[in-house]
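Trainee: This is what each chain is made of:
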Amino acid sequence: MGLGGCAAAGSAPAPAPVKMISSVSIEDRVPPLAPIRAHPDRLFDFKVCIRPFRRQGPRLDTEVIGDTLVVHNYGHGGSGWSLSWGSADMAVQKAMSVSPKEIAVIGCGIIGLTSAITAQRAGAHVTIYTRDMLPRTRSVRANGSWTPDSRIALTSAAPANFGETWEQMARMSWKTLRTYLGLPGDPVAFSDHYGLSDTPRVAGQPRAPDPNAAPLPPRTWEGAPTQNSDFARYNDRIRDLVPQTQVLTDDNNPFPVKYVTRTSGLFFNFNEYGYLLMSQFFGAGGKVEMRDFHTPAELSTLREKVVINCPGYAARDWWKDRDMVPVRGQTGWLIPQPEVNYGLSYRSVQTLSKSDGIMVIALENGDMKGYNDSNESVRRAESEQAVRVLEELYSRFPTNPI
Amino acid sequence: MQGHILPAIMAVMMLGLGSAQAQASHSIWDGVYTEAQAQHGEALYRQNCAYCHGQTLAGTFETAPLMGRFMPYWSGTTLDVLMDYVNMAMPLGRMGAVSRADDADIIAYILKVNGLPAGSGALAADAAALQAITFDAARPKPAPPPEKPPRQRR
Chain A
-2 MGLGGCAAAG
8 SAPAPAPVKM
18 ISSVSIEDRV
28 PPLAPIRAHP
38 DRLFDFKVCI
48 RPFRRQGPRL
58 DTEVIGDTLV
68 VHNYGHGGSG
78 WSLSWGSADM
88 AVQKAMSVSP
98 KEIAVIGCGI
108 IGLTSAITAQ
118 RAGAHVTIYT
128 RDMLPRTRSV
138 RANGSWTPDS
148 RIALTSAAPA
158 NFGETWEQMA
168 RMSWKTLRTY
178 LGLPGDPVAF
188 SDHYGLSDTP
198 RVAGQPRAPD
208 PNAAPLPPRT
218 WEGAPTQNSD
228 FARYNDRIRD
238 LVPQTQVLTD
248 DNNPFPVKYV
258 TRTSGLFFNF
268 NEYGYLLMSQ
278 FFGAGGKVEM
288 RDFHTPAELS
298 TLREKVVINC
308 PGYAARDWWK
318 DRDMVPVRGQ
328 TGWLIPQPEV
338 NYGLSYRSVQ
348 TLSKSDGIMV
358 IALENGDMKG
368 YNDSNESVRR
378 AESEQAVRVL
388 EELYSRFPTN
398 PI
Chain B
11 MQGHILPAIM
21 AVMMLGLGSA
31 QAQASHSIWD
41 GVYTEAQAQH
51 GEALYRQNCA
61 YCHGQTLAGT
71 FETAPLMGRF
81 MPYWSGTTLD
91 VLMDYVNMAM
101 PLGRMGAVSR
111 ADDADIIAYI
121 LKVNGLPAGS
131 GALAADAAAL
141 QAITFDAARP
151 KPAPPPEKPP
161 RQRR
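From first to last, the protein sequence lines are chains A and B. Take the first sequence: its letter number 97 is residue 94 in this note's numbering, and every next letter is one higher. Just add 10 to the spot in the second sequence (first one is 1) and you have this note's numbering.
Just so you know, the hints here were simulated from the structure itself, not pulled from any lab data. Fair warning: there could be bad hints in the mix.
[To be verified] Simulated coverage check for chain B against chain A, where a stretch passes if three residues somewhere in it have a Cβ under 8 angstroms from a Cβ of chain A:
no., region
1, 70 to 81
2, 127 to 135
[Stated by the list, open to error] Far from chain B by the CB rule (all over 12 angstroms, computed), these chain A residues:
no., residue
3, 45
4, 158
5, 165
6, 246
7, 268
8, 291
9, 292
10, 373
11, 374
12, 379
[Unchecked claim] A short, non-exhaustive set of chain A residues, derived as facing chain B with CB atoms under 8 angstroms:
no., residue
13, 289
14, 372
15, 376
Ideal Cβ positions, reconstructed from N, Cα and C, are used throughout, including at glycine.
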């Protein structure tokens, strides 16, 4: 069953009044969309991530521990996958300033791995020291869409020049990700995303609060955000890179929902992208050593005297970084449907169709959701509830006229 | 009355023994916890840790195991580092909710599961005592016996 799209004009001898297909330009018509088989029993995996959030933004400074230069590269909130290459570029520039032949990278999440590859491309021999390889890091518990300013900083705490730093990172990442498009398995790809709403959305106005959303937790300490608008937003700086949102007219709206917008977004297929990055790292002579670190003093045991520190949320305990705030996020995964080549948002539920499953996430309360929650255990009911929202949505489509 | 005093005296003696042991630098292989402590630790583990790390300490895809690679990953440190981590970072979601005394018992249980021998002194919770205990992945080799003087030839 296709969801709307182009209805074929009939050639019956007794012609019924033929309805115009659409007044919409051909290039803007919504193509046939395959339905998501949204049933809670098709949820085959759940992931809980902890976004490593720092109110002042990611930690990118350097410090010297004993005879070791440490370049920090962690704390990218919900923007790690998106900003990784740009952030790696900045870190490696600092690391290469002392012309090391060998560089150690701590951590093998997406920030560590892109830092390691970038350091190799700068001419260094790189060893990654990590307690887990990429598939078991917190990085792959993200949802994997290009969201470069998601929970990246608080407006009140970010340094005045962070906007420029962010833009530089975002643009460098965008350029680098471009080189991963179109490769076998689509490690990085674009897909359309439909924003569905029962009520009209006024441009420039914040979305109306979801009446079904749980109330926000009480503010726990001075300086903590209390509302979504406390989070810094920088996407306007790269408006020239990303497509804008298009409003679908009634004659171009295949959904049983009144107000629909469409945009296109970049996303990561973790398995293909991760495999490719690891292959590139090993292909360039990279080495991995499995180990854990507990105190900064342990860096003195390393052969390398230049270290790029990419521990993500683990910096809270390994580097005693008390500015690190956990922001919990949970995704449910429906069995993959390659024919579903789009994502949607409806009633605070968002989907993204990827090679390893259809990601479903509940986003009521926006960026505030999960703030200062470090509980990594799965709340299955949350994902099931999100799938039921989709189940109800798809049940409203007309039955397949076979 | 005597029935109350005797265990108290024994406890004081045991504590004294424990802290005396802790002062000298030694290894987790030297019997740094008691069997009773590990048993109490097991109950606390089931209550506070097993939800993520599993009943058998084997961990999950997302949660670190507390056996196997646990040994090399903590090797080279001292027990105060492990205590700090357990006390500050665990249990996930309610960090610091378990007291250091209870954490010491949980650590005793983890040591036991990893095949480290129990001893006669309980593992203390204070940092100085724990700092004197080295975390070695394998039993340190005993110091070689002093060389015998060469036998005199007749």
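Trainee: If you test the structure against every hint from before, which numbers come out violated?
Mentor: 2, 3, 8, 9, 10, 11 and 15
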